[in-house]
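Line order of the protein sequences matches chains L and P.
For what it's worth, the working numbering labels the leading residue of the first sequence as 1, then goes sequentially.
For what it's worth, the working numbering labels the leading residue of the second sequence as 1, then goes sequentially.
Honestly, the hints are just simulated from the structure, not real lab data.
Computed from a prediction, not measured in an experiment: that's the story for all the values here.
There could be a bad hint or two in this list.
Said to hold, decoys possible - Under the rule of at most 16 Å between Cα atoms (straight-line distance), these lysine to aspartate or glutamate pairs were calculated in the EDC-like manner: (1) Lys609(P) - Asp644(P); (2) Lys609(P) - Glu681(P); (3) Lys365(P) - Asp190(L); (4) Lys83(L) - Asp223(L); (5) Lys553(P) - Asp190(L); (6) Lys553(P) - Asp223(L); (7) Lys609(P) - Asp599(P); (8) Lys365(P) - Asp224(L); (9) Lys609(P) - Glu558(P); (10) Lys365(P) - Glu379(P); (11) Lys722(P) - Glu82(P); (12) Lys553(P) - Glu140(L); (13) Lys722(P) - Asp76(P).
Said to hold, decoys possible - Among the chain P residues that face chain L by a calculated CB cut under 7 Å, a handful are: (14) Glu335; (15) Pro336; (16) Arg337; (17) Lys341; (18) Phe342; (19) Thr361; (20) Ala362; (21) Asn364; (22) Leu369; (23) Ile371; (24) Trp487; (25) Thr494; (26) Gln545; (27) Met546; (28) Ala548; (29) Leu552.
Ideal placement from N, C-alpha and C gives every residue a C-beta, glycine not left out.
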Amino acid sequence: MNLFFDDTTRTASLRQGRRPAAFSAAGGLLLALLVLLASPLPSKANGELRGGEHEFYFTRGIYGEGGVGAADWGPRWAVDFPKADEQFLIALRRLTIVDAFDKDNAIGIDEARLRDFPFLYVLEVGALSLTEAQATALREYLLAGGFMVIDDFWGTWAWQNLEQEMRLVFPNRTIVDVPLDHPVFHAFYDVTEILQVPNVHQAAGGPTWEYDGRVPHVRGIFDDEGRLMVLINWNTDLGDAWEWADLPSYPLRYSTYAFEIGINFVIYGMSY
Amino acid sequence: MLEFALKYPPELFARGALEMQWPWSTYAGVVLVIAIVVAIALGYFGLESSRGNFDRAGLWTIRTAMLAVLLLVLLDPRLVVETDDPVRGHVTVLIDDSLSMRIRDLDGAARSEFVERAFTPGAGSIAVALERRFDTRYLKFSGSVETLAAGEHLSFSGARSDLGQAIESVARAPDAGSLAAIVLVTDGAVDDTGALDNAVRALHASGVTVHAIGVGAERLATDVEVADVRLPRDVLRGDAVEAQVTISHRGLEGQTVTLTVEEESAIVSQQSLTLPANDRPVTLRVPLEFEQAGPRRVVFRIAPQLGEILVDNNAAHRAVDVRGDPVRILHIEGEPRFEVKFLRRAVAADETLRLVSLVRTAENKYYRLGIEDADELAEGLPASEEALFRYDAVVIGSIGNDLLDDAQQARFRDFVARRGGGLVLLGGRRAFAEGGYSGSTLAGIAPVVLPAGASAYQARVPVRPSANNRDHPLLRVAKADAVNAGWEQLPPLTVVNPIRQSKPGATTLLEGDDGSGEALVILAWQRYGRGTVAAFPVRDSWRWQMHADVPLKDQTHEQLWRNLLRHVARPAGSRARLYLEPAEAALGENIAIEAEALDGRYLPLQNAKVTLEVTTPLGEVEKVVLEPRFNRDGFHRSSFLPRDIGRHEFRLRLEDPKGETIETLASVEVSGAGREFYSAELDVPRLSRLAQATGGQFFLAADAEKIVDAIDDTTATVRVEKRLPLRDAPALLIALIALAFLEWAWRRRRGLA
Numbered sequence: 001m002n003l004f005f006d007d008t009t010r011t012a013s014l015r016q017g018r019r020p021a022a023f024s025a026a027g028g029l030l031l032a033l034l035v036l037l038a039s040p041l042p043s044k045a046n047g048e049l050r051g052g053e054h055e056f057y058f059t060r061g062i063y064g065e066g067g068v069g070a071a072d073w074g075p076r077w078a079v080d081f082p083k084a085d086e087q088f089l090i091a092l093r094r095l096t097i098v099d100a101f102d103k104d105n106a107i108g109i110d111e112a113r114l115r116d117f118p119f120l121y122v123l124e125v126g127a128l129s130l131t132e133a134q135a136t137a138l139r140e141y142l143l144a145g146g147f148m149v150i151d152d153f154w155g156t157w158a159w160q161n162l163e164q165e166m167r168l169v170f171p172n173r174t175i176v177d178v179p180l181d182h183p184v185f186h187a188f189y190d191v192t193e194i195l196q197v198p199n200v201h202q203a204a205g206g207p208t209w210e211y212d213g214r215v216p217h218v219r220g221i222f223d224d225e226g227r228l229m230v231l232i233n234w235n236t237d238l239g240d241a242w243e244w245a246d247l248p249s250y251p252l253r254y255s256t257y258a259f260e261i262g263i264n265f266v267i268y269g270m271s272y
Numbered sequence: 001m002l003e004f005a006l007k008y009p010p011e012l013f014a015r016g017a018l019e020m021q022w023p024w025s026t027y028a029g030v031v032l033v034i035a036i037v038v039a040i041a042l043g044y045f046g047l048e049s050s051r052g053n054f055d056r057a058g059l060w061t062i063r064t065a066m067l068a069v070l071l072l073v074l075l076d077p078r079l080v081v082e083t084d085d086p087v088r089g090h091v092t093v094l095i096d097d098s099l100s101m102r103i104r105d106l107d108g109a110a111r112s113e114f115v116e117r118a119f120t121p122g123a124g125s126i127a128v129a130l131e132r133r134f135d136t137r138y139l140k141f142s143g144s145v146e147t148l149a150a151g152e153h154l155s156f157s158g159a160r161s162d163l164g165q166a167i168e169s170v171a172r173a174p175d176a177g178s179l180a181a182i183v184l185v186t187d188g189a190v191d192d193t194g195a196l197d198n199a200v201r202a203l204h205a206s207g208v209t210v211h212a213i214g215v216g217a218e219r220l221a222t223d224v225e226v227a228d229v230r231l232p233r234d235v236l237r238g239d240a241v242e243a244q245v246t247i248s249h250r251g252l253e254g255q256t257v258t259l260t261v262e263e264e265s266a267i268v269s270q271q272s273l274t275l276p277a278n279d280r281p282v283t284l285r286v287p288l289e290f291e292q293a294g295p296r297r298v299v300f301r302i303a304p305q306l307g308e309i310l311v312d313n314n315a316a317h318r319a320v321d322v323r324g325d326p327v328r329i330l331h332i333e334g335e336p337r338f339e340v341k342f343l344r345r346a347v348a349a350d351e352t353l354r355l356v357s358l359v360r361t362a363e364n365k366y367y368r369l370g371i372e373d374a375d376e377l378a379e380g381l382p383a384s385e386e387a388l389f390r391y392d393a394v395v396i397g398s399i400g401n402d403l404l405d406d407a408q409q410a411r412f413r414d415f416v417a418r419r420g421g422g423l424v425l426l427g428g429r430r431a432f433a434e435g436g437y438s439g440s441t442l443a444g445i446a447p448v449v450l451p452a453g454a455s456a457y458q459a460r461v462p463v464r465p466s467a468n469n470r471d472h473p474l475l476r477v478a479k480a481d482a483v484n485a486g487w488e489q490l491p492p493l494t495v496v497n498p499i500r501q502s503k504p505g506a507t508t509l510l511e512g513d514d515g516s517g518e519a520l521v522i523l524a525w526q527r528y529g530r531g532t533v534a535a536f537p538v539r540d541s542w543r544w545q546m547h548a549d550v551p552l553k554d555q556t557h558e559q560l561w562r563n564l565l566r567h568v569a570r571p572a573g574s575r576a577r578l579y580l581e582p583a584e585a586a587l588g589e590n591i592a593i594e595a596e597a598l599d600g601r602y603l604p605l606q607n608a609k610v611t612l613e614v615t616t617p618l619g620e621v622e623k624v625v626l627e628p629r630f631n632r633d634g635f636h637r638s639s640f641l642p643r644d645i646g647r648h649e650f651r652l653r654l655e656d657p658k659g660e661t662i663e664t665l666a667s668v669e670v671s672g673a674g675r676e677f678y679s680a681e682l683d684v685p686r687l688s689r690l691a692q693a694t695g696g697q698f699f700l701a702a703d704a705e706k707i708v709d710a711i712d713d714t715t716a717t718v719r720v721e722k723r724l725p726l727r728d729a730p731a732l733l734i735a736l737i738a739l740a741f742l743e744w745a746w747r748r749r750r751g752l753a
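So that you can see chain L by itself, here it is in the shape it has in the complex:
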């Protein structure tokens, strides 16, 4: 699936890598500053959206930070934001007839207006650190019928952090594997295998995993009626595949998989 035009300038600028270990600390700080300046600010311009104009909003959860590497790349909730969101929406609007708002929609997970948006995307949860209020808000959001998709976190350390944080949300619920015959894998496309989607840098070649996250997993938390409330994509980076789908060097099969499974998440989240 090749939906987008080439963007060689952007490709070149991103080949400097994610972890500039070779530079000096000052240079690293400068680079980080440049990256921050180059990245669009977490947009609150759409933060006053009330919903209702469209059926679907791709809503990204803004959360408090803690954990390892929290300060490296700016707010972790904003990784790939907003391009990943917007490019995913392009695909969603192109391939389905979902009436989707075509811009980003980032909302704090403890904000009351989050309840206007029953689909929530959260990533980099290795840095997730919930306050009690946030945990309560998230719990009520999910029990009321909200659907949360977690993405882009790698390794045992990140998993342990997620487990710990989700225990605040649901002390008595376990996280289990989602089998491939579950409706979420067949809501729009038939997904028959779980691919490990690498970040944009590692997609060029070499290992596709980060840290010790060699095996991708799709796991979930179910409610008392057997409905999926939280869908966890561990050891994979769907967001990067969405964000860099227009990059010629980014392997098509990863983008294709990421869009397909992402669309499935949306259709499932709007149906169950």
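Here the structure of chain L is known, so what remains is to put chain P in place on it, guided by the hints.
The following block gives chain P in isolation, referenced to the frame of chain L:
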């Protein structure tokens, strides 16, 4: 002069008919005809030919006329006419033999005691007096009319008082021709008021006088009665319904009584009420919920009050048939929406509602949820009536009229009108006028008026129950112990289909206020044909589930949808339908049965095997023969006479030509007393009107002896058919003489003599 010639008054000839008799055999008739022909021929040819044909023709005509007159005499003509001949009439005493006559409201004595004392044939005080003056005959009536022989005692055990039918029977009896007057002895508490009016009109026309003797107290000093109960007869398991109970009372002003409701002998509700002044009836609304499937007996009861002499009217029984099979609901959306998700969640826990969702996710791509098997909706929208009619209700959401063409819409219309299915039209950007449905078939059956065209309207609107329908059962969304937000606390909903007018006859339940001064219709419904159509033009009812202001345990969204879907799906019956009348019968009262057989398109099914069995309270199974109704395709009818008190279960089985078997179950509660003890006070106005309409008089029991003198001399007339002989009418002789003279005169004149 004319009457002399004709022998009878001319007006008798105007209203009578002429009849000929032939007293001899056919052989004789043939001989006579031949003789006449020969005579005519001889008469013609025998005439002198010298005078020409004119004389011959004229004389021949005269002779033929004479022969005709003679023949007429031979044929013994008679005038057949009906006349009213006076006869000596008789008096019929028609005595009420029903259970209500056992009420002890005549100073402690029963009504029946008075009747026996006064009207026992040959022994009663008034009976003897009547028999001395008139030819007196006795009949007793309750649900039927029977002769009361001399010395026979009444049983006062009839469970009905069909006075109208009784009077009609008397009017049609073989001796009705000599009926001069009816003496009616009753309390006036009748069950067939319609038939009574017709019977009275017929009596008045025939000149029969009715005198009425009213037995009983006009007003009970102390009484409370469960006078009426309105309760749906057919519900779904889990339905929350409302019974409207009317309580009438006497002499208990200010007293608090408790209405207890029992379902199969278990108390399910109790409500206290204080009885108002002036004996005003009170209507209570009693919410009920039926959790068990099958026939259910519901009793509404008030305990006997101090001083009541009549307590049989303190309870009312009702039969309710609770359908246990789940109803199938199809939800169609033209695009993915959160309404799909939250509607499914809302009804998931309701075992009576089985929801199938068909969601268009892309061009020519549908997502099916809740299907029974892989074949269900495999081709998308139901493309035939059989496929669509499998469902009991349909929710049509945001799917434009480019996807629901005229044929599809007509199918939905027939689904509602003919199938009896339920339809909910849900709001969305491709619904109502915004979906291109203005002026369409769906617009025609919707309970709301669609604007002429689409608009760009979009608003968040607070929603409230309409003023007149706050207590409508469909809006009952909170149980007593529920933690619900209340209508005023619910978040506003998004409206993209502005509708401000319901159609006449539609019920508006929810309204929205967008500040324009004209309310928006948010939820309305109406009956259409056999089914129900509701309009719910909101985009996101799910906000009543998700919004932060709504407590997590709030069930408003869930309960509203369950109520709505149940409400529209409830009337949808199966292909085998059973209609029983009445639902609560008295012992000995015929239950009228109508059965309807329908095919897969819910059209009348011919050549179906339809059988009916009745299980009595004793467990016996009786087969009832159903006869097809030739003037109504697909219908069969019969009747059943219950002989036991209690629940009778009627099981209808339909086997269609394709081999499919469908069963329907309905029940009737049979009581020993029927309605005998309800509204059982002496109905003076009715009996007075009855007597006056026929020229008679009304008397209370205390003055009953005056009836003997009140009855005029019983001269009646009898209409008889008479055959008046005409062969000796002078006119015939005059005609013969005249013709003979005419011939003589002709001959003289023409020189033929």
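Results of checking the hints against the structure:
At most 16 Å may separate the alpha-carbon atoms for a hinted pair to count; Lys609(P) and Asp644(P) exceed this at roughly 29 Å. Of the pairs offered as hints, the one joining Lys609(P) and Glu681(P) is violated, with about 48 Å between alpha carbons and a cut-off of 16 Å exceeded. A threshold of 16 Å between alpha carbons decides the hint, and for Lys365(P) with Asp190(L) the separation of about 13 Å falls inside it, so the pair holds. A threshold of 16 Å between alpha carbons decides the hint, and for Lys83(L) with Asp223(L) the separation of about 32 Å lies outside it, so the pair is violated.
Pair hint Lys553(P) plus Asp190(L) does not hold up; C-alpha atoms about 36 Å apart against a cutoff of 16 Å. Using a Cα cut-off of 16 Å, the hinted pair Lys553(P) and Asp223(L) holds, with the two alpha carbons roughly 15 Å apart. For the given pair, Lys609(P) sits about 12 Å from Asp599(P) by alpha-carbon distance, which is consistent with the 16 Å threshold. The straight-line distance between the Cα atoms of Lys365(P) and Asp224(L) is roughly 31 Å, outside the 16 Å bound, and the hint therefore fails.
Pair hint Lys609(P) plus Glu558(P) does not hold up; C-alpha atoms about 42 Å apart against a cutoff of 16 Å. Pair hint Lys365(P) plus Glu379(P) holds up; C-alpha atoms about 10 Å apart against a cutoff of 16 Å. Taking the CA atoms of Lys722(P) and Glu82(P), the gap is near 6 Å; set against the 16 Å cutoff, the hint holds. Annotation: proposed proximity of Lys553(P) to Glu140(L) holds, straight-line Cα distance about 10 Å (limit 16 Å).
A threshold of 16 Å between alpha carbons decides the hint, and for Lys722(P) with Asp76(P) the separation of about 15 Å falls inside it, so the pair holds. For Glu335(P), the interface hint holds, since its Cβ comes within 7 Å of a Cβ in chain L; the closest pair sits about 5 Å apart. The closest approach between the C-beta of Pro336(P) and any C-beta of chain L is roughly 5 Å, which is under the 7 Å cut-off, so the hint is satisfied. A hinted interface residue such as Arg337(P) counts as satisfied when its beta carbon comes closer than 7 Å to some beta carbon of chain L; here the least separation is about 5 Å, so the hint holds.
The closest approach between the C-beta of Lys341(P) and any C-beta of chain L is roughly 5 Å, which is under the 7 Å cut-off, so the hint is satisfied. Restraint check, Phe342(P) versus chain L: the minimum CB separation of about 6 Å is within 7 Å; hint holds. Because the closest C-beta pair between Thr361(P) and chain L is about 5 Å apart, less than 7 Å, the hint holds. Taking 7 Å as the C-beta cut-off, the interface hint given for Ala362(P) holds, the closest approach to chain L being about 5 Å.
Violation of the interface hint for Asn364(P) is found here, the shortest Cβ-Cβ separation to chain L being roughly 11 Å, above the 7 Å cut-off. With a cut of 7 Å, the hint placing Leu369(P) at the interface with chain L holds, because the nearest CB-to-CB distance is about 6 Å. The interface hint given for Ile371(P) is broken, as the beta carbon of that residue sits about 12 Å from the closest beta carbon of chain L, more than 7 Å. Hint on Trp487(P) is violated. Least Cβ distance to chain L is approximately 19 Å, over the 7 Å limit.
Nearest Cβ of chain L to the Cβ of Thr494(P): about 4 Å, under the 7 Å cut. The hint holds. A least Cβ separation of about 6 Å between Gln545(P) and chain L falls short of the 7 Å threshold, and the interface hint therefore holds. For Met546(P), the shortest C-beta to C-beta distance to chain L is roughly 5 Å, which falls under 7 Å, so the interface hint holds. Because the smallest distance between the Cβ of Ala548(P) and any Cβ of chain L comes to about 4 Å, under 7 Å, the interface hint for this residue holds.
For Leu552(P), the interface hint holds, the least distance from its beta-carbon to any beta-carbon of chain L being 6 Å, beneath 7 Å.
Checked against the numbered hints given earlier, the structure breaks hints 1, 2, 4, 5, 8, 9, 21, 23 and 24 and satisfies all the rest.
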